[in-house]
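Trainee: Residue numbers (my numbering), protein chains in the order written: chain W, 63 to 257; chain X, 2 to 317.
Note that these hints are calculated values from the structure, not bench results.
Keep in mind the model is a prediction, meaning the values are calculated, not measured.
Just to be clear, a hint being listed does not mean it is correct.
Said to hold, decoys possible - Below, a list of computed lysine-lysine pairs in the DSS-like style, where the Cα atoms sit at most 27 Å apart:
hint	chain 1	residue 1	chain 2	residue 2
1	X	LYS218	X	LYS236
2	W	LYS190	X	LYS236
3	X	LYS123	X	LYS185
4	X	LYS52	X	LYS185
5	W	LYS119	W	LYS147
6	X	LYS53	X	LYS123
7	W	LYS129	W	LYS147
8	W	LYS136	X	LYS123
9	W	LYS119	W	LYS129
10	W	LYS129	X	LYS53
11	X	LYS200	W	LYS190
12	W	LYS147	W	LYS224
13	X	LYS154	W	LYS129
14	W	LYS129	X	LYS115
15	X	LYS140	W	LYS129
16	X	LYS177	W	LYS224
17	X	LYS200	W	LYS136
18	X	LYS200	W	LYS196
19	W	LYS119	X	LYS140
20	W	LYS147	W	LYS109
21	W	LYS119	W	LYS196
22	W	LYS147	X	LYS140
23	X	LYS154	X	LYS115
24	X	LYS236	X	LYS154
25	X	LYS218	W	LYS224
26	W	LYS224	W	LYS116
27	W	LYS136	X	LYS115
To be verified - For each label pair, taking beta carbons as the anchor points, the in silico distance ranges come out as:
hint	chain 1	residue 1	chain 2	residue 2	range
28	X	PRO281	W	ALA132	32 to 42 Å
29	X	LEU51	W	ILE104	54 to 64 Å
30	W	ALA174	X	PRO50	34 to 44 Å
31	W	ARG167	X	TYR254	44 to 54 Å
32	X	ASN54	W	THR209	20 to 30 Å
33	W	GLN200	X	THR69	35 to 45 Å
34	X	ASN54	W	GLN200	30 to 40 Å
35	X	GLU111	W	LYS119	26 to 36 Å
36	X	TYR254	W	ALA150	48 to 58 Å
37	W	GLN124	X	ASN43	50 to 60 Å
Unchecked claim - A short list of chain X residues far from chain W (calculated; beta carbon distances all over 12 Å):
hint	residue
38	LYS52
39	VAL84
40	SER197
Where is the CB? At the ideal position from N, CA and C, for every residue including glycine.
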Amino acid sequence: MPMEPRDRVAMTRAFILLPVFLAVASFAQLQHQRVNQQSAIIADFQKRIESYMKVHKAAAGQLPALKSTASSEKLSNYQHSLAAKIVAARPHATQGAIFTPAIGREFRRLIAAAMHGPRSSRIRSSLKRGAPVKSNVQVNHPYPSMTPVETTPPSLLQTLPKLPNELEYRVVDHDLVLHDVKADLVVDFLPRAIE
Amino acid sequence: MRLHVLLLLFAALFLSRCGIPAASPSVLPSAAGTAAGQSTSNPPELSFPLKKNSVQFAVIGDNGTGGTDEYTVAREMERYHAVFPFDFVIMLGDNIYGGHSPADLERKFEQPYKPLLDQGVKFYASLGNHDWRDERLYKPFNMDGRSYYTFTKGNARFFALDSNYMNPEQLDWLQKQLQASSAKWKICFFHHPLYSDAKYHGPDLDLRAQLLPIFEKYGVNVVFSGHDHVYERIKPQNGIYYFVEGSAGQLRYHNLRPSPETAAGFDTDRTFMIVEIAGPDLYIQAISRTGKVVDHAMLTSKTNISAVKLDVSHTQ
Chain W
63 MPMEPRDRVA MTRAFILLPV FLAVASFAQL QHQRVNQQSA IIADFQKRIE SYMKVHKAAA
123 GQLPALKSTA SSEKLSNYQH SLAAKIVAAR PHATQGAIFT PAIGREFRRL IAAAMHGPRS
183 SRIRSSLKRG APVKSNVQVN HPYPSMTPVE TTPPSLLQTL PKLPNELEYR VVDHDLVLHD
243 VKADLVVDFL PRAIE
Chain X
2 MRLHVLLLLF AALFLSRCGI PAASPSVLPS AAGTAAGQST SNPPELSFPL KKNSVQFAVI
62 GDNGTGGTDE YTVAREMERY HAVFPFDFVI MLGDNIYGGH SPADLERKFE QPYKPLLDQG
122 VKFYASLGNH DWRDERLYKP FNMDGRSYYT FTKGNARFFA LDSNYMNPEQ LDWLQKQLQA
182 SSAKWKICFF HHPLYSDAKY HGPDLDLRAQ LLPIFEKYGV NVVFSGHDHV YERIKPQNGI
242 YYFVEGSAGQ LRYHNLRPSP ETAAGFDTDR TFMIVEIAGP DLYIQAISRT GKVVDHAMLT
302 SKTNISAVKL DVSHTQ
């Protein structure tokens, strides 16, 4: 039985629309997978931060609580003791312990998106005007002494995963440093994170 | 010819009697006639009302070098304290440059300001890019372990911010604190300036984009910052007055490039500021290392329903 012209038109439309629909569906699925992957990577980062914080808190628990004092010696001593205990608990920590290759890639993607987005010029200006620093950082070592801190641009901080109060993101040259503020310790760093 | 000279002399005498001020350049010349490192022996110049129960404080930024100039500025502060007994000093960051050993803290803070500390003057610090993060726990800085905090003096609420690390948590805290405050004067202080016409650093535009909407929405009146080693008063921006005071120890000589936003500036010697808040009026004086008043102004807050606006009468 010959096909009605109206049905033929409908069939042709279906043949044209089907690949488009399939392409959209597979793109959406890919996007969904990518978002899931990104979420999993960030979740992995948070897990690694949590396990670092367990070490930090265990170390701090062995020391008397630090209160405001007029003695900078007491402040230094506390900081050195805390750092020593944390280093003793993770003596083999090296670059990449927290910023694994996958986490590093995700952070670079987040930073690049911010650096090339609508806020890029003001982020770059903030980095430039905050007094850029050049220094070599090492995991399990203090933040380089006598080196000023460079402003971490607020727009960048809005794009990166939240950290507990004890930790901060620091920009040193082109690297992103994870700094334990209370122990003055470099927990990890991501080389060439900021291009 | 003789008639012309007489006429000129008469005109000059007439103008001086009428109190018409000479045109003042936007960047003032340095205080001449005093040797480096020396204070003038003249009594401090003060054009404040010194009202009972007014809020009286001083402002210093980028001071902690431990060098001769920091000590000279501190001595000048002490001289002014004798006639204007300010209760506290706000510090705009770079409180301690370089090392932070007990000897460093003594040389860069405790010694220069000892006469003021001994008289009970309190110091409230904010952190600069050269500061040790643990200054938060250094008791004489009154930060109580926090890098951002707030305190009240009379009808003024002060907000010390950490501009090195303006994360979403701090922005959220600031909004809540400003919203909850009904103070007549809301004063923010932190290290990196939102407006500055100094050539070396200049304004932090990302910080400005984050803070400005909050300041404007919640009626901040005055903002003090350092980082650029000059003194500058910016014309009010959407009703908010901005100051750069980053030369209480450091100095970047001739670094100011005045713009249409510059109200007054000084970049040929170190400075500090003194401030009196008397009800709806806020008086400022910027004073050089040699004791010369290099800028003075009176700001008036006018509270309306939505926000606090600011009128400025230049007394320069």
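Trainee: Give a verdict on every hint.
Mentor: To see whether the hints hold, each was checked on the structure:
This hinted pair checks out: LYS218/X and LYS236/X have alpha carbons roughly 19 Å apart, not beyond 27 Å. For the hint linking LYS190/W to LYS236/X, the alpha-carbon distance of about 25 Å falls within 27 Å, and the restraint holds. Of the pairs offered as hints, the one joining LYS123/X and LYS185/X holds, with about 22 Å between alpha carbons and a cut-off of 27 Å not exceeded. Of the supplied pair hints, the one linking LYS52/X and LYS185/X holds, its CA atoms being roughly 17 Å apart against a limit of 27 Å.
Between the alpha carbons of LYS119/W and LYS147/W the distance comes to roughly 10 Å, so the proposed pair stays at or under 27 Å and holds. A hinted pair counts as satisfied when its Cα atoms are at most 27 Å apart, and LYS53/X with LYS123/X qualifies at roughly 19 Å. For the hint linking LYS129/W to LYS147/W, the alpha-carbon distance of about 19 Å falls within 27 Å, and the restraint holds. The hinted pair formed by LYS136/W and LYS123/X meets the criterion: a straight-line CA distance of about 21 Å does not exceed 27 Å.
With a C-alpha separation of about 16 Å, the suggested pairing of LYS119/W with LYS129/W holds against the 27 Å cut-off. For the hint linking LYS129/W to LYS53/X, the alpha-carbon distance of about 36 Å lies beyond 27 Å, and the restraint is violated. Our distance criterion of 27 Å between C-alpha atoms is met by LYS200/X and LYS190/W, whose separation comes to about 13 Å. For the suggested pair LYS147/W and LYS224/W, the alpha carbons sit about 25 Å apart, so the restraint of at most 27 Å is met.
A C-alpha spacing of about 24 Å is found between LYS154/X and LYS129/W, which places the hinted pair at or below 27 Å, so the restraint holds. Proposed proximity of LYS129/W and LYS115/X is supported: the alpha carbons are some 23 Å apart, at most 27 Å. For the given pair, LYS140/X sits about 9 Å from LYS129/W by alpha-carbon distance, which is consistent with the 27 Å threshold. For a cut-off of 27 Å, the pair hint linking LYS177/X to LYS224/W stands: about 19 Å separates their Cα positions.
Note on LYS200/X and LYS136/W: the hinted pairing is violated, with a Cα-Cα distance of about 39 Å set against a maximum of 27 Å. Straight-line distance between C-alpha atoms of LYS200/X and LYS196/W comes to about 21 Å, which keeps the hinted pair within the 27 Å bound. Annotation: proposed proximity of LYS119/W to LYS140/X holds, straight-line Cα distance about 24 Å (limit 27 Å). For the proposed pair LYS147/W and LYS109/W, the alpha carbon gap of about 21 Å is at most 27 Å, so the pair holds.
The suggested pairing of LYS119/W with LYS196/W is violated, with an alpha-carbon distance near 31 Å, which exceeds 27 Å. Distance restraint check for LYS147/W and LYS140/X: the Cα-Cα separation of roughly 25 Å lies within the 27 Å cut-off, and the hinted pair is therefore satisfied. With a CA separation close to 23 Å, the supplied pair LYS154/X and LYS115/X stays within the 27 Å bound. A distance of roughly 25 Å separates the Cα atoms of LYS236/X and LYS154/X; the hinted pair therefore holds under the 27 Å criterion.
Taking the CA atoms of LYS218/X and LYS224/W, the gap is near 26 Å; set against the 27 Å cutoff, the hint holds. With a C-alpha separation of about 17 Å, the suggested pairing of LYS224/W with LYS116/W holds against the 27 Å cut-off. Only pairs whose Cα atoms come within 27 Å are accepted, and LYS136/W paired with LYS115/X is accepted, the gap being roughly 21 Å. Distance hint for PRO281/X and ALA132/W: a CB-CB separation of about 38 Å, consistent with the stated range 32 to 42 Å.
Between LEU51/X and ILE104/W the Cβ separation comes to about 58 Å, which falls inside the hinted range of 54 to 64 Å. Between ALA174/W and PRO50/X the CB atoms are about 56 Å apart, so this pair departs from the stated range of 34 to 44 Å. Checked against the hint of 44 to 54 Å, the pair ARG167/W and TYR254/X passes, with Cβ atoms roughly 47 Å apart. Checking the proposed 20 to 30 Å range against ASN54/X and THR209/W shows it is violated: the Cβ atoms sit about 45 Å from each other.
One distance hint, 35 to 45 Å for the beta-carbon pair GLN200/W and THR69/X, holds here, with the actual separation near 37 Å. The hint said 30 to 40 Å for the Cβ distance between ASN54/X and GLN200/W, and at roughly 55 Å that hint is violated. Separation of GLU111/X from LYS119/W is about 33 Å and conforms to the stated range, judged on CB atoms against 26 to 36 Å. A hinted range of 48 to 58 Å for the beta carbons of TYR254/X and ALA150/W is consistent with their spacing of about 49 Å.
Separation of GLN124/W from ASN43/X is about 59 Å and conforms to the stated range, judged on CB atoms against 50 to 60 Å. At the 12 Å boundary, the C-beta of LYS52/X stays outside the reach of chain W, the nearest C-beta of that chain being 33 Å off. The Cβ of VAL84/X lies farther than 12 Å from every Cβ of chain W, with a closest approach of about 29 Å, so its non-interface assignment holds. With a minimum CB-CB distance of about 9 Å to chain W, SER197/X fails to clear the 12 Å threshold, and the non-interface call is violated.
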